[in-house]
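2 protein chains.
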Amino acid sequence: MKRRTLHDGSVGSFGLEEAQLPSGKRVTLEILRHPGAAAVVPFMDDERILLLHQYRHAPGGTIWEVPAGKLGPGEDPEACAARELEEETGYRAGRIEPTGVILTSPGFTDERIHLFCAYDLQPGTLQHEHAEHIEIHEVRFSEALDMIERGEIIDAKSIVALYHVARRRDSSR
Amino acid sequence: MKRRTLHDGSVGSFGLEEAQLPSGKRVTLEILRHPGAAAVVPFMDDERILLLHQYRHAPGGTIWEVPAGKLGPGEDPEACAARELEEETGYRAGRIEPTGVILTSPGFTDERIHLFCAYDLQPGTLQHEHAEHIEIHEVRFSEALDMIERGEIIDAKSIVALYHVARRRDSSR
Chain G
1 MKRRTLHDGS VGSFGLEEAQ LPSGKRVTLE ILRHPGAAAV VPFMDDERIL LLHQYRHAPG
61 GTIWEVPAGK LGPGEDPEAC AARELEEETG YRAGRIEPTG VILTSPGFTD ERIHLFCAYD
121 LQPGTLQHEH AEHIEIHEVR FSEALDMIER GEIIDAKSIV ALYHVARRRD SSR
Chain F
1 MKRRTLHDGS VGSFGLEEAQ LPSGKRVTLE ILRHPGAAAV VPFMDDERIL LLHQYRHAPG
61 GTIWEVPAGK LGPGEDPEAC AARELEEETG YRAGRIEPTG VILTSPGFTD ERIHLFCAYD
121 LQPGTLQHEH AEHIEIHEVR FSEALDMIER GEIIDAKSIV ALYHVARRRD SSR
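Sequence lines, in order, name chains G and F.
If you count the first sequence from 1, position 40 lands on 40 in our numbering, and the numbers rise without skipping.
If you count the second sequence from 1, position 77 lands on 77 in our numbering, and the numbers rise without skipping.
Hints are supplied without guarantee of correctness; some may be wrong.
The list cannot tell twin chains apart, which means a pair is met if one copy fits it or any two copies do.
Straight-line Cα separation of at most 20 Å, DMTMM-like style, residue types lysine to aspartate or glutamate; simulated pairs [said to hold, decoys possible]:
(1) Lys-2 with Asp-110
(2) Lys-25 with Glu-129
(3) Lys-2 with Glu-75
(4) Lys-70 with Asp-110
(5) Lys-25 with Asp-45
Because the hints were derived from the structure by calculation, they are not lab data.
Next up, chain G with everything else stripped away, as it sits in the complex:
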């Protein structure tokens, strides 16, 4: 595969790739090669979770998200979820469980986000670099689902992470 990198940066590597479709046809595609990420739904107890209200320059406003961040080089997704949780909320997870994986936008990026739930939270160390434009809110899990329904949570990874938990709970009833 031929690739011409146009920019190598903190988000990943953006470039043009010559790809061969299954039909044999050759096309040139713009691709962002991304290291992958992890996101986590932190449970304070059985009913209450933490959500972040976070400024995001790209969409141009403050949005609701679960804690998340990019994988470091060679970093295990679960370790990344635990690290981002502590950096962004100041809580350390006693237990982390995987709930799924998503591709965020497979038309132009290989970004994969590994989704988790975190339980048995203990006070840890907030990292101020992350915290400066993040507010941490404690909300009921049922309220978070209502926030999706009302269109207040629109971040895809957060919606999938929350829905995955909701369906597990529904099916275990």
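Using the hints, position chain F against chain G.
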């Protein structure tokens, strides 16, 4: 806001932007400005939907998705959903309903996907440009949810679009 565009292409415009965080701190961010997109869950009847099995170069394989595509210049999201549905599946929608909006990856892109359901499908015109690397499958809606659970559907827009319908159905029971 200062911006230096590095590449203007079919996916959008990739560049470096100087942004000011709410704290006043200035940072340079890599941003993909995207025109937005629409995605649609096509219902053949009350229980059966169409899913696409589609080759995607970026993640490097064939994945399950609902029909979707980028907004044309000035195109209304619902018109885009109807157009992509017909181009990719050969079916024209009698009725389209919005179910929500997602941000796919707000850390680096403003890409917003408008989600819909389509009903009362009638034969229309398949566009071969799209079809050459797309297989169309008819599956039960409940089976699509099982495919999410088994980790076979990992495309974020498709999962959210399907979950949105599932929760509406659950709550109307």
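Which numbered hints are broken by the structure, listed smallest first?
3, 5
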